[in-house]
Amino acid sequence: MIEAKEIVKRYSGREVLSNISLNVEKGEFVSLIGPNGAGKTTLIRIILALIKPEKGKVEILGKDPFNDKSVFRHLGYVQELPNLPPFLTGREVLLLSAKIKGAKKDEVDELLELVGMREFANRQIAKYSKGMIQRIAIAEALLGNPEVLVLDEPNIGIDPLFSLKVREMFDKLKRNGTSILMTSHELEDVKKLSDRVYMIYKGKIVFEGDVEEMVKKFLGIQVVIEGEELEKISNFVSSFNYVKKVFKEGNKLIVSMTEDRREELLRNLVEAGFRIRAFYMDLNLEEAYSRAISSV
Amino acid sequence: MFEIILYEWKRAISRKKFIVLLIVSLFFEIAVYLAVYFVPSQRVRVLLTPFYPYMWVLGTLLPQSLLLHFLAISIASGSMSEEYEQGTIDFFLTKAITRERFLAEKWLGSFSLLALVYIIMVVLSLVFSYGLFGLQQDIYLLPEAVLSVLFSSLVFFNIAFMIGELLRRSSLSFIISSSILIGSVLVSVVLSFISFITHSPQYEEISEYLPSWGATQLPFILLSNAPFSILVNALDLMPITSNNVLMAILSVLAYSLISAILSVISFLKRDIPKKVS
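Going line by line, the protein sequences match chains E and D. Just so we're aligned, residue 3 is where the first sequence starts under the working numbering, counting upward by one. Just so we're aligned, residue 2 is where the second sequence starts under the working numbering, counting upward by one.
Misleading hints may appear alongside valid ones.
Calculated lysine-lysine pairs in the DSS-like style (CA-CA distance at most 30 Å, straight line) [said to hold, decoys possible]:
| hint | chain 1 | residue 1 | chain 2 | residue 2 |
| --- | --- | --- | --- | --- |
| 1 | D | K276 | E | K7 |
| 2 | E | K106 | D | K270 |
| 3 | D | K270 | E | K206 |
| 4 | D | K17 | E | K54 |
| 5 | E | K204 | E | K28 |
To be clear about the criterion: a stretch of chain D counts as covered by chain E if any three or more of its residues have a C-beta under 8 Å from a C-beta of chain E, and this derived list gives those stretches [stated by the list, open to error]:
| hint | stretch |
| --- | --- |
| 6 | 6-16 |
| 7 | 85-98 |
Calculated directly from the structure, the hints in this document are not laboratory data. Every residue gets a Cβ at the ideal spot worked out from N, C-alpha and C, and that includes glycine.
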């Protein structure tokens, strides 16, 4: 659905994207993460044919967006800090977009309702708060049921309640087959929504895989155990040679392992008679993210 | 189709700078007629009476001298540059709209707005000339006058449009385009003066290569043989040099086409940056 191959982009001789390849399959949610200035937005703008790369090729739905603009009929885009025409009202923005996209006018009211902006729809964009603009931008991107969604920091400025709603919306879209590419600093969203993550740093992809793989790669295997007699469990698990470190964090036990032998560990604990309430991998993406940056 | 043209109208109308210039232009248009009608001096009134049947020329040609070019610059300088400044260009270019279509509709939208404003001025001039000065004569020359004014306004319209696209800053492109207009007019005046005191026609000839020459002279040259030529000459605020219609048309074509071509090349070839300011 989205494919970027060996993209190279230079500004004044400085390479800001070095041989980057990325793809998003049908119904897949892919996140692009990385610190500010890593090249995420430049890559997104190349995918959207706003910036021409020095080298490389982009395809959306099998077509080159630089030469065939018809692909944009099937694409929704939420800009980082959306810039919508300030002199138009929220409804006018959606109506203009519906006309260009060939979407039905009825959709406008449905989407305004969905993003909770129906009662403010006749107010000028210039009089909206950041969060309200973001809501209109999300509604605008969803017009015409796009097959592909490109979201550049879609959660900036929106309140936590609407943020949850947005997460549910994207999840539902993904399950209905929409391919989504998102850049975000909200790692909680990345963790909960992404099928795959690309981490970009100084214009290079430094990681590609799912969240679990990322955590494994940069943090190692950490298992969280919740249960009774944590002291005894701690002593028990420390005896295994593949257990590197055990420490208590509140009413949880964090077990750091040298290799992925989670099943074996759980079996041993159960066979030893410990009462385990929860046993899961610690997906501390924030920590993995910061380790990834410091390790590059 | 044409969504961007309508959008462009709304965008231009929402700007205070445009509204102020429009009000000034319309006020100026009406004020000129009222001033001529209510002229207190009997002697001046006697002098003006033979021109009453041609008063439509007053409102048709007077804005051409400078005001219309400023309006053109005001509309065109922000047409592309404000899209970059506000970051709204992404909104359009991430839809099924080619860059060629976007640029063409932006240009058409802005220029049609300028034409509409000018036509409102012409309508006002007809209303006031018929209403205050009675039946008007040689009105068959009106289409030629209107078309030549609109054609010659292309020069500074396209220069401002091009500078707006190249610099992607609206205030800067307005200032630079206005400076080119004023500078070109001033240089023209100086060259004519030098030509006059030195009796050397080559100085005047040089001024014919300046962008303001064709832009300000073409309608006056075209109407210089009309029955109301005295009025036409009186309305021409710029120094009269040659009466070469072809040269004036070529001057307008050259400056407006070069500017248009540079705008197209810049827009098609350059990257679309994130919000400029």
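Hint check results:
no.: 1; hint: K276/D with K7/E; result: holds (26 Å)
no.: 2; hint: K106/E with K270/D; result: violated (34 Å)
no.: 3; hint: K270/D with K206/E; result: holds (26 Å)
no.: 4; hint: K17/D with K54/E; result: violated (35 Å)
no.: 5; hint: K204/E with K28/E; result: holds (28 Å)
no.: 6; hint: 6-16; result: holds (count 4)
no.: 7; hint: 85-98; result: holds (count 11)
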